[in-house]
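4 protein chains.
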Amino acid sequence: MNVFDKRADEAISDEQLLADEALYSSYGDTVHYVEPPKIFRRCEGSYMFDAAGTPFLDLQMWYSACNFGYANPRLDAALKRQIDTLPQVASQYLHPTRVQLAKTIALDAQRKFGLKGRVHFNVGGAQAIEDSLKLVRNAKNGKSLMFAFEGGYHGRTLGASSITSSYRYRRRFGHFGERAMFIPFPYPFRRPKGMTPEEYSEHCVRQFARLFETEYNGVWDPKVSQAEYAAFYVEPIQGTGGYVVPPPNFFRELKKVMDQYGILLVVDEIQMGFWRTGKLWSIEHFGVTPDVLVFGKALTNGLNPLSGLWAREELINPQVFPPGSTHSTFNSNPLGTAVGLEVMRLGEEMNYEQTVPEKGAHFLAGLKDLQRRHKEIGDVDGLGLALRAEICTEDGFTPNKALLDRMVDIGLAGDLRHDGKPIGLVLDVGGWYKNVITLAPSLDITHEEIDLAIALLDQLLTRAKQG
Amino acid sequence: MNVFDKRADEAISDEQLLADEALYSSYGDTVHYVEPPKIFRRCEGSYMFDAAGTPFLDLQMWYSACNFGYANPRLDAALKRQIDTLPQVASQYLHPTRVQLAKTIALDAQRKFGLKGRVHFNVGGAQAIEDSLKLVRNAKNGKSLMFAFEGGYHGRTLGASSITSSYRYRRRFGHFGERAMFIPFPYPFRRPKGMTPEEYSEHCVRQFARLFETEYNGVWDPKVSQAEYAAFYVEPIQGTGGYVVPPPNFFRELKKVMDQYGILLVVDEIQMGFWRTGKLWSIEHFGVTPDVLVFGKALTNGLNPLSGLWAREELINPQVFPPGSTHSTFNSNPLGTAVGLEVMRLGEEMNYEQTVPEKGAHFLAGLKDLQRRHKEIGDVDGLGLALRAEICTEDGFTPNKALLDRMVDIGLAGDLRHDGKPIGLVLDVGGWYKNVITLAPSLDITHEEIDLAIALLDQLLTRAKQG
Amino acid sequence: MNVFDKRADEAISDEQLLADEALYSSYGDTVHYVEPPKIFRRCEGSYMFDAAGTPFLDLQMWYSACNFGYANPRLDAALKRQIDTLPQVASQYLHPTRVQLAKTIALDAQRKFGLKGRVHFNVGGAQAIEDSLKLVRNAKNGKSLMFAFEGGYHGRTLGASSITSSYRYRRRFGHFGERAMFIPFPYPFRRPKGMTPEEYSEHCVRQFARLFETEYNGVWDPKVSQAEYAAFYVEPIQGTGGYVVPPPNFFRELKKVMDQYGILLVVDEIQMGFWRTGKLWSIEHFGVTPDVLVFGKALTNGLNPLSGLWAREELINPQVFPPGSTHSTFNSNPLGTAVGLEVMRLGEEMNYEQTVPEKGAHFLAGLKDLQRRHKEIGDVDGLGLALRAEICTEDGFTPNKALLDRMVDIGLAGDLRHDGKPIGLVLDVGGWYKNVITLAPSLDITHEEIDLAIALLDQLLTRAKQG
Amino acid sequence: MNVFDKRADEAISDEQLLADEALYSSYGDTVHYVEPPKIFRRCEGSYMFDAAGTPFLDLQMWYSACNFGYANPRLDAALKRQIDTLPQVASQYLHPTRVQLAKTIALDAQRKFGLKGRVHFNVGGAQAIEDSLKLVRNAKNGKSLMFAFEGGYHGRTLGASSITSSYRYRRRFGHFGERAMFIPFPYPFRRPKGMTPEEYSEHCVRQFARLFETEYNGVWDPKVSQAEYAAFYVEPIQGTGGYVVPPPNFFRELKKVMDQYGILLVVDEIQMGFWRTGKLWSIEHFGVTPDVLVFGKALTNGLNPLSGLWAREELINPQVFPPGSTHSTFNSNPLGTAVGLEVMRLGEEMNYEQTVPEKGAHFLAGLKDLQRRHKEIGDVDGLGLALRAEICTEDGFTPNKALLDRMVDIGLAGDLRHDGKPIGLVLDVGGWYKNVITLAPSLDITHEEIDLAIALLDQLLTRAKQG
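Protein chains in written order, with our numbering: chain A, 4 to 470; chain B, 4 to 470; chain C, 4 to 470; chain D, 4 to 470.
Don't read these hints as lab results, they were simulated from the structure.
One should not assume that every hint holds.
Said to hold, decoys possible - Taking beta-carbon pairs under 10 angstroms as the criterion, some of the chain D residues facing chain A (in silico):
hint, residue
1, Gly-177
2, His-206
3, Pro-360
Unchecked claim - Negatives, chain D to chain C, calculated, CB over 10 angstroms:
hint, residue
4, Asn-252
5, Ala-314
6, Glu-361
7, Lys-371
As the list claims (entries may be wrong) - As a list, the in silico DMTMM-like pairs of lysine to aspartate or glutamate whose alpha-carbon atoms are at most 20 angstroms apart:
hint, chain 1, residue 1, chain 2, residue 2
8, A, Lys-437, C, Asp-418
9, B, Lys-259, B, Glu-287
10, D, Lys-404, B, Asp-79
11, B, Lys-83, A, Glu-216
12, B, Lys-83, A, Glu-47
13, B, Lys-83, A, Asp-87
14, D, Lys-437, B, Glu-205
15, A, Lys-404, C, Glu-47
16, B, Lys-196, D, Glu-202
17, D, Lys-196, B, Glu-201
18, C, Lys-196, A, Asp-87
19, D, Lys-404, B, Glu-205
20, A, Lys-196, C, Glu-38
21, D, Lys-83, C, Glu-47
22, A, Lys-83, B, Glu-201
23, C, Lys-226, A, Glu-205
24, C, Lys-404, A, Glu-47
25, A, Lys-226, C, Glu-38
26, B, Lys-282, B, Glu-216
27, C, Lys-196, A, Asp-224
28, B, Lys-258, B, Glu-201
29, D, Lys-83, C, Glu-38
30, C, Lys-437, A, Asp-408
31, D, Lys-196, B, Glu-356
32, A, Lys-196, C, Glu-201
33, B, Lys-226, D, Asp-262
34, D, Lys-226, B, Asp-398
35, B, Lys-226, D, Glu-38
36, B, Lys-437, D, Glu-202
37, B, Lys-196, D, Glu-205
38, C, Lys-404, A, Glu-205
Glycine included, C-beta positions come from ideal geometry on N, C-alpha and C.
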């Protein structure tokens, strides 16, 4: 059997795959964060399945790319329908679903934000971020410095790495001449002693505002009322940073400062968009209007890397951002836009604005219950079905990455028990200290599955604590 | 009928789509290079079809992303099969086709180049280029300056724009601190007077070599034998630059200089890979071994934006490029790797190494015949089914963008005649002066379709010259 | 009389000079901060004199470049002696005073800091800063990002502007790819409400230390214990920033953090060095050891732009920083080194370590007395003869630049009265809000002159407040 | 005897100085290009003297900083006179010689170039270059990329190193995000085979012009007629590059291209200005008008590091380059401007426009005669008293740095013979291969001294060739 044998893909054993992977595959991505890497063969709803057929309840759903469940029949059907209609068309030409998807998103934004705007597509979240950087730099006369948050994550191209806080992502790669200025994010659980979360939020805003107090704070020239920085890149709820939900007033207060000094607001909804938090865009919870909004991941439920941005008309109209400003071969590929359009329709019909908060509350209650039984759970929190549980030492505060790593390994081992059968658990690790379980279950998860998740987490934690 | 009406996509008229697009869609990509944009509804083999059902013989095939014909049944079936097997899996986990595809590519490279190496996937050509920049910067201790060619094109992220020659792609976006040094490419048709193409090739190599003569040429410190530049990014045959084929010895001679001074060779096969030139990789024609090879586009025949790179073991082994070096959500999405694997198998079986040169010779002969009848065709050339025809004024040399623009518009109007029926022609414009028809027909184009293409080009040119 | 007439210089009237200056001279420096610019003709001790012979008591002494009084006979004589001995020698060759001056400074540092080190000369403070940037970047494997303070000032070359906080100094000049990260400085008078200066100092240190808590704070990779930033540029007492004296423990605490994370300490003594604060280097007050120390200005009492740096042996020894690393034509010009050496000897003999604190205390007492009579003086403070008085509105806090501007204009008008005669006052304006009188009188100012200064300030302020 | 002993400077032995220097002095400048470094004690006219009193005929005059002879009585007197009049004045205030010197230079430029303009002072050539970069970046809306020449040298600050060709000067210091594009300079002796110098000059201009042919050559956007590069930095005659004199039409032809594409011309006269070539500015030989002209070195005959720039009114008028745009403490220090003004008067009176070409012709004739006797002299050339002799192997072409290094060492040994007495020779080494004697004798050198120089060179070369 060689690689050109069609039957190879399914028949080939895990051992052979791992052996091949060790020889021919880059380790540079995140597959080797666990050793040996886990191989999956099938997926459905909230579950992944390995070669042995063991189900793994997935609480991360491909980092929130599969909000609508694995192998969602309706979305898979939309993809197949488009394969049979118009699978390919060069990005220089139009096709119906591209136009319809842009219109759907723009009309929604117009209704919610009261602003005309336009949509620009690309593939991969980082490329949409790169497009947004180009849009902002163009709109601001070439200004290329950005604010972003400590704990923020916007991708791994060179440009996206410049505005992503973690130095680890830049260290190997030389100089980054557009490195962002990273501003503290009001992380409620790890706030300074003696402050409430709200006070910490106000403190963070004040810290930002003081940058503009005098020219000597470094970013503002009061003589001409001009800032050195063009835009502020924000995730309303930090994704990789650990599903950190800021106090409700935070963005409203921050935006006041930004408006005063002409700093554009670029909202990164790549991980939190598409009803993850109970609304199409997570920024809708916070009472502010974005200048640019970037989306990706769940737009196609993982069936196509389509991504994109919406921007206010002033920033993106054809006079300002004319033909040829940016481009990529697959930027509005029809398989992607067809599925994206179906996602928008599905979302419209599914009443997620009601069900997601309900399920989120159920899940969070379960986590809180779990917390009462395990003092190693330092913090639980969430918005909709973006939930977090922070794993600590027994003091409930000191980050305990080692314990969480054991939990992940046990979950992937697939030998937890449910109804007398083996089952696994897929968890994602995030957070500033890599000690946060960032929970992004399927939006269609059932209440029974939520209870199962809590039960499995309990098993997992109990075993992991045993060492 | 609203946007959430499923029947909308197909039923909606071109007029409505254009009206919606004008309101809600960014014009920043290349759709508005023609006005009004052209809308296609269906595709098959070498043809696109518009709402009226008029066929358009496509001689560009989505900039060479659809080498294997539109709606290729075998590849579409592979995609559907994967949808039914494992449509989604987080990029942190392995799945069979990811491993198999990496192995297939790496084993092929090992056989051809005599080098061990590994494959790293991403989505979108530009993101694979960004990954290659990270790989090179990492391998070269953070050095971030690159050589690239005048006329070269590597994508439109900020990093890719830095190594893409056209200043137009950077102008709106402020400072580019890693702007490449662009080296002249031996463009045979526009070579200096009095030189043969081979002499021009040697001249270009010498011009490059003299940069290293003394420290005062600016890039080389002879005291420590170290260069300021890390790698040379090359398209073996320029794509956007106008399908320019350099003299056969060019890369061999250039590589000697690069080896002498420790400059890595990064080969961009995004447009010319996958048998476009009659070999899997176009660099195979030129007798040199790449250090890094970047691919995309036709890897999935346009069904998924999967892209990737292959690199020599020394540059990419897990010690040098360890877990977490780079990452993207969709980087090895299973729908992409499944189709990619099927493309590799199809290519293996289809005997393109024989048929593509034959068809290419047929097509080129037709173009040469056309050139004899139209003195406005200044140059025709090609390698395999990557062909070029340079449109000039009557002197056969002065670039005539206006005439080519008229040709494109007439082709898209869809009222050429074939067998008494209306037919259109899809052409792509490239070249340093935007006066080159860059021809990338389906690799499965028939000899009859080639004859038709020539006949339609003849009609087109005759009409376009009438003004 | 034309410009080649030798008598022109003295005979030419102020009116003619101003008319010529308006036509032929750049306004880009700071001369036109007052309109019309003031012209001086003679200087002696603590006084400048204008064409009318009116004396101006100078409380800024050329921004602390003339610590030893104008026309200091001993230093002028040293300069003349060197003119008669060896006025010129190419910087490629040695001469006695260059060696002696380096030795004097290095031995003093060795005694005080317990560290071997070496001296490198240049001309102009900013060029010495540039040399220090090169030294640090070299020592840190090319790392080019620096920390510096809000309110900090290090010069106006492009490199120095990158680490100088005020955005106004960068705004006109495009992108600065090595812009420093500016850290809050514990400015006692403008500390947050409810904190003591010491608490604010501790707060600032903690704010800095938290940058290193996790990789997501943006500057530290805990996996390899490496920082993104190479060094921290500090003025122990801010100069242009308004002669701000931090709490005594500040640098000791800050340095602990820096040492923990391998951040070099570069101390800029250009304005505060040479006994301005009562010690040769102002950093001596703060109990920390610099890695690099940069000096200029008073090194020659204004008679030559000689500047330089001292660095720890590890950073500057010939293996690490070999011949040819940096260079300038005038870098150790003999007129400069001769005067510099005489300044070191004079300082050694003059007992400034005792007299400067005494005079400073006298001056500060006078300012405090003044403050009691003028509520517009919001703050007075000082270390040695580096003193500050902050001009505010009647609330004693809101910065009042307009009032200070009037004071400056009145001072330069030269019609204050002393002993029945007209007299002027030369003041310098600094501070984050440009409302601070930064007082740097001659170190040889007499106690009588100090009393006169206070009396004149009283007159000035009284008149200025009248509108 | 300690360092505070006044008699130390003169009495201290060479041995002691060398020992001290080895311990306390940075080796990072160019002193250790010869080992051991040479120490001089006295200077006069064309001679330096060492501790033994041996005279050294100096043919480099501090890299052309001392055009008017060492210890020039008139200029030394001007300096002393200013010490006695107004030795110090803060750069915020005006003084007569500052205004007069600016006027003198600006009126001369107006007469010669037919352009109004203004003068801005600083200290050190590199700082004037930095000011010019700021001026150009400001005038070009922040554009920060520059053209410069291969072989060009503009100083060693970070900004100046970016536009200086030699990579060696950047290598140790990390990333340079504004690295210039270095254009070939028509170096007559090392021109391509088969071309005359004039043809090479035309070739270089054409190579530059072709950069603007299409957008794909990388620097020009023809759609908006805008260039990526702001200015071209040129030395009319390369200094450090080896006193290379380009063919007479070169700059005229180059400027035509620059004017067509809006590239500013910045002329660096730091080394070749002040009658070195027989005219105040060396660019006057070439029939072009600068946009900015930068000067330094001989402006004060080495008595003060004063430098500066002249710029066209459009670029530097107070609206465009307003107060506070740039600044340095010593930028128009009165000792510098007084000597500078005296230099301008001396130059006016000395008839250098006639004597320098005469003496240059005499010297060049001597070099040509020497060349006939020594085949190792590959090339001699010059303009005025900027002369070159290229030291090669016996083939008269291959650079022979080793031989020239021996010559330099023998010259500095001081044991050549003249009139039965020992004498030395001070030579400077330059050129792309470090094999060029760059001759810059005093403009007041006598014809007898020229003959002596030739005789000593003959002795030197003869001895050096013996090994």
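Hint numbers the structure violates, sorted upward? As far as the earlier hints go, 2, 3, 5, 8, 10, 11, 14, 15, 18, 19, 20, 22, 23, 24, 26, 27, 29, 30, 31, 33, 34, 36, 38 are violated by this structure, in ascending order.
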